[in-house]
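Participant: Protein chains in written order, with my numbering: chain A, 1 to 333; chain B, 334 to 666; chain C, 667 to 1295; chain D, 1296 to 1924.
By construction, these hints were calculated from the structure, which means they are not laboratory data.
A hint or two may mislead.
[What the hints assert, rightly or not] Covered stretches of chain C (chain A as the covering partner; in silico rule of three or more C-beta atoms under 8 Å from a C-beta of chain A):
no. : region
1   : 698-710
2   : 811-824
3   : 886-898
4   : 901-912
5   : 948-957
6   : 968-979
[What the hints assert, rightly or not] Reference listing, derived: stretches of chain D covered by chain B, where coverage requires no fewer than 3 residues with Cβ under 8 Å from a Cβ of chain B:
no. : region
7   : 1374-1386
8   : 1522-1536
9   : 1572-1581
10  : 1632-1646
11  : 1695-1707
12  : 1749-1760
Idealized CB from N, CA, C, for every residue including glycine.
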Amino acid sequence: MNAPLTAKDFATDQEVRWCPGCGDYAILKCMQKTMADIGADPDNTVFVSGIGCSSRFPYYMNTYGFHTIHGRAPAFATGLKLANPALDVWVVTGDGDGLSIGGNHLLHVIRRNVNLQILLFNNEIYGLTKGQYSPTSRLGTRTPTSPSGSIDAPLSAGAFALGAGAKFIARGIDTDAKKLAPVLKAAQEFNGAAFIEIFQNCIVYNKDVFESFVGKKTAKETQVHVEHGQPLLFADGTKGLKLNPQTLALEIVEVGEGGAPESDILVHDETNAILAQMLLTLPKETYPMPLGVIYRAPTQSFDDAFWATHATQGKRTGKVADALRKGSVWNKV
Amino acid sequence: MNAPLTAKDFATDQEVRWCPGCGDYAILKCMQKTMADIGADPDNTVFVSGIGCSSRFPYYMNTYGFHTIHGRAPAFATGLKLANPALDVWVVTGDGDGLSIGGNHLLHVIRRNVNLQILLFNNEIYGLTKGQYSPTSRLGTRTPTSPSGSIDAPLSAGAFALGAGAKFIARGIDTDAKKLAPVLKAAQEFNGAAFIEIFQNCIVYNKDVFESFVGKKTAKETQVHVEHGQPLLFADGTKGLKLNPQTLALEIVEVGEGGAPESDILVHDETNAILAQMLLTLPKETYPMPLGVIYRAPTQSFDDAFWATHATQGKRTGKVADALRKGSVWNKV
Amino acid sequence: MGKITPENQSVVVRFAGDSGDGVQLLGAQFAESTALAGADFSTFPDFPAEIRAPVGTTFGVSAFQINLGARRISTAGDEPDVLVAFNPAALKVNLPLIRKGALIILNTDAFTARNFSKAHIAADQRETGELDDYQVVEIDMSTQTLEAVKPLGLSKSDAEQSKNFWALGAVLWMFGRSRTPIEDWTKKKFAKKPEILGGNLAALNAGHAFAETAELSAEIPQFVIGEAPMNAGEYRTITGAEALALGLAAAGELANRDIMFCSYPITPASPVLHHLARMGDLGVATFQAEDEIAACCAAIGASFGGKIGVTSSSGPGIALKTEAIGLAMSAELPLVIVNSQRGGPSTGLPTKTEQSDLYQAVYGRNADAPLPVIATAGPGDCFDAAIEATRIAVRHMTPVFLLTDGYIANAAGPWALPDMADFEPILSNTPPVINGDATSEPTAVKRAIWSRDPSSFGRPWTAPGMAGLAHRIGGLEKDIATGDISYDADNHQAMSELREKKIEAVADFIPDQDVIQGETKGPVAVVGWGSTHGAIWRAVNDVREQGYDVAQIHLRYLSPLPKNLGRLLSSYDKVILPEMNMGQCATLLRDKLGLEVIQLNKVSGQPFKISEIVDVIKKNYPGKKQAAE
Amino acid sequence: MGKITPENQSVVVRFAGDSGDGVQLLGAQFAESTALAGADFSTFPDFPAEIRAPVGTTFGVSAFQINLGARRISTAGDEPDVLVAFNPAALKVNLPLIRKGALIILNTDAFTARNFSKAHIAADQRETGELDDYQVVEIDMSTQTLEAVKPLGLSKSDAEQSKNFWALGAVLWMFGRSRTPIEDWTKKKFAKKPEILGGNLAALNAGHAFAETAELSAEIPQFVIGEAPMNAGEYRTITGAEALALGLAAAGELANRDIMFCSYPITPASPVLHHLARMGDLGVATFQAEDEIAACCAAIGASFGGKIGVTSSSGPGIALKTEAIGLAMSAELPLVIVNSQRGGPSTGLPTKTEQSDLYQAVYGRNADAPLPVIATAGPGDCFDAAIEATRIAVRHMTPVFLLTDGYIANAAGPWALPDMADFEPILSNTPPVINGDATSEPTAVKRAIWSRDPSSFGRPWTAPGMAGLAHRIGGLEKDIATGDISYDADNHQAMSELREKKIEAVADFIPDQDVIQGETKGPVAVVGWGSTHGAIWRAVNDVREQGYDVAQIHLRYLSPLPKNLGRLLSSYDKVILPEMNMGQCATLLRDKLGLEVIQLNKVSGQPFKISEIVDVIKKNYPGKKQAAE
Ligand SMILES: Cc1ncc(C[n+]2csc(CCOP(=O)(O)OP(=O)(O)O)c2C)c(N)n1
Ligand SMILES: Cc1ncc(C[n+]2csc(CCOP(=O)(O)OP(=O)(O)O)c2C)c(N)n1
Ligand code: SF4
Ligand code: SF4
Ligand SMILES: [Mg+2]
Ligand SMILES: [Mg+2]
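Start from the sequences and build out the full structure, keeping to the hints where you can.
Facilitator: Quick look at the structure:
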């Protein structure tokens, strides 16, 4: 038996070529460490990506990897997973790769609930092609293709996933490995398509676009870390989210002395899709950003169903010689 | 001034070639009548479709029409609409055309909120290619490509649209012109992408798949027609939908004597996305089918924003001769 | 009319009626009986483009054609000798297709005012003189059928459904065939619907008896078609689509790897998917993707995973796969791409046939991206072609195009069952054994993964899950030795040359081009590829019997071409190339061999007629031409 | 070293440094000063593939090359005569590119252990002997810069940022250039950042002064490059991408129709989109679609709507547009498809140049789907080519491919401003006037809509919104007269022929192929297309000066080819065809003209060197060859 692998063993011999300060570095490090922590087997682990800065990820993971074409990683991963269900497959994509050109494949891999993990590095920009606005860019984003500010309403990655029928939706922040690592682990354990949006800082083309909530100093006020069965509290428990049953909206209330009792605060139920919708669509200007596993509703994965309904569960039981003779055969003498 | 056009004036000289009994006939008739009712101008009306039985629709509408390629109608329509914002553009698509191959374009035309109407004829099957299962086919649907029953979790067209950021979502039934016509009108009036799912009976490959709620006799019990500001009542007002604030779920309650007071019943708010989500994802086995305008939240349309932020609002104000001379020009003598 | 033994020992029969008339079943059963009678035959169904058009319309007409004979039959026939028409629309649509003087059997019950109007027929065709040149037999088939099944008490509409069996009975009599096997089949097929079964059997017998009765036998001729000379052995009827599906399954068996068939429905490619969806026990899994791009990508993903990835579509869908195919080529992964060609351009004529995607297969990618391209010549040949395509893909680690078309997919004929023992196993280059684990020397692993076989240039097929071989691949240019991303100029040049050499190397493994009929040199050769095989065969055979020295050459391998092809073709004075496009293979021969051919291009959505090819041969035959001058 | 007047009156200078060193700005300003000095020049930036690689790495090196001279300059130069290297990585990467004996100016401050290690350099290159063959000038540029800007009190990192201006000052001195225009530009550019402005100006002057000082002027040579003979008139510097954008805007102006440019970012095509996004006032609107398919479809939708739809991408993205392009062709709608070719196959070498998408443009669609294809020859030519592509699209109502490449997109040179009055207006076939409304006779409307101009076969451009012309179009085969869906065999044949004739008709409207240099017959012609123009021009010019009778022919029109091309090329004993692919245009000439050429294929991601073309000319020149034998 070999010594357990360390994070370093999951690094390749290739020089990492992201811009200095890019959030991708932190995610890479967190992933390498997570691999070691969960005792991943590099021989049975595959990273599949599309095209983009984020999609260079597989080159840096000392596992199997496939840097495919723009937007199509989910489709490659689906075929791979069907070919060998024993593999642990991670799809790495960006907001452009996954939500612009690749929206359809993301939709369908989620809908089918293929047993793999999808990491969407959302930097709200096309990094690799030098900074055009993406489907998650905010209204008014000025880029070379939107000199007067973008006018396309941004997509919420999480709401999209939910609409696609996702059974696992989570969120994390590139540089917050402490919170991101458990999310990665949970995704890996989930039998189905686990969708994780990672807020990633593109220091060159969209610097600090998430500053309103990623800043470590203000994090307590600007983030709400959800946990199944726990009340939706933040700011060290001094604030919480409460349902207004009239408007069906979540409201921020002060908790404790002078404020609302903790029992007023909605308890997170990760199996509730309506709650997930509320959390995933909270306006980011006025609410804290929900992070962690927002939705998890296990059901049969596509892979399992695929082989369960396959005529012979994937075993070769017949002979072509016999198949040729099915139906009416006659003999010429 | 010519006499107002009648439904017949909106029929073309082409023989209609759907299977006898196909739900498409009823939709066509309803559309032709609606055109006449709203006084549509055939010269300024365009039907754009992809490929499928449903996508033959433009050939039968005596307006401008473009039968494009599979899944891409929303993209053609977007370009057309930008080229000439004065046009009234209708996109006709099917569950295969719009949600399988065309999912990405549907996603983005909805997200951008282009001012057009999208009619998705949902028959839960690929009609034109002879009956393979589609992204809306129910689990277990047996077709030539799913001989042991399909295993892909079906997509909810409405939930998908909501996840895509739709601002107008409605539902209708092919043969129920009385209810469908007002929905078509409302969609046409909406300044943005109006998404309408029409349950359409494919008599050949998926006969009566919607029988549980389209049957006229049981309609009162199996349909709930939503109207803004009105309580979510059905069964002649004897039943209604009530929010359970603990589970965030809608529950069916008896109303009136011996039952709940009408005030308990949720009042439909078509601007509330969370309520829309609840209605769009009601399990169809145990709940009535919500029909009508389920969600409508007007905002600026893409077309308007596009030209508003265009440098010269679409006017040609510059000369190329001058543009050539911007920047540093020198004279060789 | 008595007994007819046709001069050329073959007869073309066409059944035509409304989509709901059961014409396809009728045709298939007649073909079955033809097979059992030992004749050769070829069938082609002619479906309407519409799923189920309104009853009685011209665009709702469905037809089934069969050419049968006591000699080798290579096409479904140019001009039918017999037409069975179930309604006026069927007569209207099919009359232009049949031979002057042909026998027409009509169901008079359908010649009603209502049906004339539905088919936009101004006047009853039987009264306008337009049938004067034909032998017309009018039978009230519907009435006869109703009469026959009356004792069973079926509803009128159910009862009338049996009229195809009535017609079948009559036709069986015409060809002197036994009803027993048809009865057996019918009993099995309708076992669960005893009323329908009863009706069908009663109608079958009634039709037979009707034809047999004295009054009519004077009017209905009997055709005498003997057994065709065919090799001894087991036979079955097979369509191109089914043979292709079985061929892929066979390739999987020969490679001892599962087939992962990823596709998205499209006419006329879908039937291959449908067949494979039912071949799970043969190591086949099918995946219906959300679109053609995903289908192709999933197949490549499967190949990366060590299974044989296959994807399938027709022209417009293949166009969508282009970018992904480039990746498979760049990453050197095996992939079989089946293109069931149809009428184009754009959506074109989905239900019609054409062989116009050759440019797309050979040249249709961005950048220098050469790929092997092979074509099937007919229904049964699809089996061998599928095996061959897979073999090339696996040996050279490359995507391979397999071209078939709508005609081949739906046409059928007797097929001598192959013996699986006759096929060599399909061997892949074995993955290197690296003594190690995740920490093994990375460069050694990479070099091993990209070490290519010196003759095929195929690399080892390494897949995730193999111990110690973890590596990364992609579509960026790769270092020729290690596979690492490389922007180096010399390396890119070397890789571009390697990719070309690799495809050229396929020519070292394929057989020399053979000559199917005729000599290896002479005045004229007719070259074909794909589904023109049968028509060319018959045309060349016919003119050879008339004393013309003409050879037939048929290309399976289009890229690369067989090494001897240039030499072989140059040994004829003239080379004629009929193809169902505007001259795509002609371009290929000019490009690769610098060879000019006489083109016969047909782009009508219809297969070649034998007469069209015969004409062009005679027109260009040097001797005759001189004589004529 | 004193003053140098180069023998061939031209010098190639290359600036190289870290991405953050401001090398591109330095190069652009030097080019500007070259322009003002009246010399001809050509520039090419060489960006790293990475956005902003870690400092000091070899893959983070950014370079800018300029060839300038007192004669016509047609390429950015084979081998630099001068290299300014800001760090060891830049030296390492660029040393293999420069001429033996070249002048190398180094920033010694960057030659630190840390930088050697970042660039994986084992030993200081100045000590290994590898620079022995060069003239090396070592300057502590960073120190000098810091010194110069010290009085301004900038932070060290801000201060060091000015070292590109320091180098610019020195180089301006080397070429005897005035600093005034550069100072003016700098003042404008950095008006809002007064500290940076001050630093830059101080550095500029310091560099100039440094070079001027006696000690050094002995070490740094001064180059004397006179004015180049150029026609009188207005000039500006322009890249291919900008010229193409302006050309499209000009086409819109000439057609009096708005341009609707629909695209999706991709290297190296994006800059065209970026430029057009800022040309709203010229009747241009841009739409960034969700992918290339949508971009192409939106452009077609816009064309259907009566605007000029244009879509743009490079190889992999063009592949995705294929299906939609087929529809535009089938529906007979105008569309311009710009392909900025890049290194392939698959993702390939996105930042490198190649001209390997010719197959894709000419043959790369399903079915018979011929399209006009034209190519740009260089940056300024993109303007004319864009107008010409639009003109063909509108006249013939067809999609047109416009091929450019990564080299052209980013290369720049002086461009004589065209006079818009010199261009003919772009006329579309006017829509028929149908006296009516929605109830007008439908067949009359349809016939009018599909009535084609007898010489161009273009149909009238009718768009929704036009009164009384409502009609439906699509991708199914159309009746040749009415446009109604038609499954008719003869009609399909006729339409297939029409589509081919229509593209052939383009040849009736384009000029005869001309000869750029040399005679219209003779021993050797060099034929090129696309961005090889400049290299071939210089090579042919050079050998002609040496007495070789060689002609240069450059193709703008690739499909259809000019009518006289076959005749013209046949009048040379040998035709040499250099192209940056494995021989795609050679295939085209074989296919369309039956003509064999001598191929010079280069697929290294780099443009041709003049010497490579000179070599192949000399090798194949008949006289010389005989002499050598
Ligand atoms: C078919 C195709 N179209 C376009 C491109 C160009 N392209 C590469 S990456 C990219 C966008 C990447 O954005 P995102 O996925 O957000 O990744 P990021 O670089 O921001 O991590 C684009 C447009 C391509 N490589 N292939
Ligand atoms: C690129 C391409 N792929 C596949 C097809 C084949 N195809 C035509 S319609 C269709 C599905 C239609 O389903 P849907 O949109 O639900 O329409 P319906 O026929 O059910 O109305 C398919 C797969 C095609 N025409 N083009
Ligand atoms: S461009 Fe942005 S996303 Fe890409 S590597 Fe640089 S910082 Fe990261
Ligand atoms: S196949 Fe179904 S959807 Fe298509 S025309 Fe027939 S009934 Fe309608
Ligand atoms: Mg991004
Ligand atoms: Mg459908």
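Participant: Within the assertion that chain B covers the region 1374-1386 of chain D, do at least three residues meet a Cβ-to-Cβ distance smaller than 8 Å?
Facilitator: It is violated, with 0 qualifying residues against the three required.
Participant: Given that the region 968-979 of chain C was listed as covered by chain A, double-check it with a C-beta distance under 8 Å for 3 or more residues.
Facilitator: Coverage by chain A holds here, the residue count being 7 at a Cβ distance below 8 Å.
Participant: Quick one: see if chain A covers the region 948-957 of chain C, three-plus residues with Cβ-Cβ under 8 Å.
Facilitator: holds (count 7)
Participant: Please check whether the region 1522-1536 of chain D has three or more residues whose CB lies within less than 8 Å of a CB on chain B.
Facilitator: holds (count 8)
Participant: Verify the coverage statement for the region 1749-1760 of chain D against chain B, using a C-beta to C-beta distance below 8 Å and requiring 3 or more qualifying residues.
Facilitator: Since three or more residues must qualify, the claim that chain B covers the region 1749-1760 of chain D holds, with 3 doing so at under 8 Å.
Participant: Would you check chain A against the region 811-824 of chain C, counting CB to CB pairs closer than 8 Å, and say if three or more residues qualify?
Facilitator: violated (count 0)
Participant: Has the region 886-898 of chain C got at least three residues whose CB is nearer than 8 Å to a CB belonging to chain A?
Facilitator: holds (count 3)
Participant: Three residues minimum, CB to CB under 8 Å: does the region 1572-1581 of chain D make the cut for coverage by chain B? Let me know.
Facilitator: holds (count 7)
Participant: Verify the coverage statement for the region 698-710 of chain C against chain A, using a C-beta to C-beta distance below 8 Å and requiring 3 or more qualifying residues.
Facilitator: holds (count 4)
Participant: Count residues of the region 901-912 of chain C with a Cβ under 8 Å from any Cβ of chain A, then say if the count reaches three.
Facilitator: holds (count 4)
Participant: Three or more residues of the region 1695-1707 of chain D near chain B by CB distance under 8 Å?
Facilitator: violated (count 0)
Participant: With a Cβ-Cβ cutoff of 8 Å, does the region 1632-1646 of chain D contain at least three residues near chain B?
Facilitator: Violated: only 0 residues of the region 1632-1646 of chain D have a Cβ under 8 Å from chain B.
Hints 2, 7, 10 and 11 from the list above are not met by this structure, while the remaining hints are.
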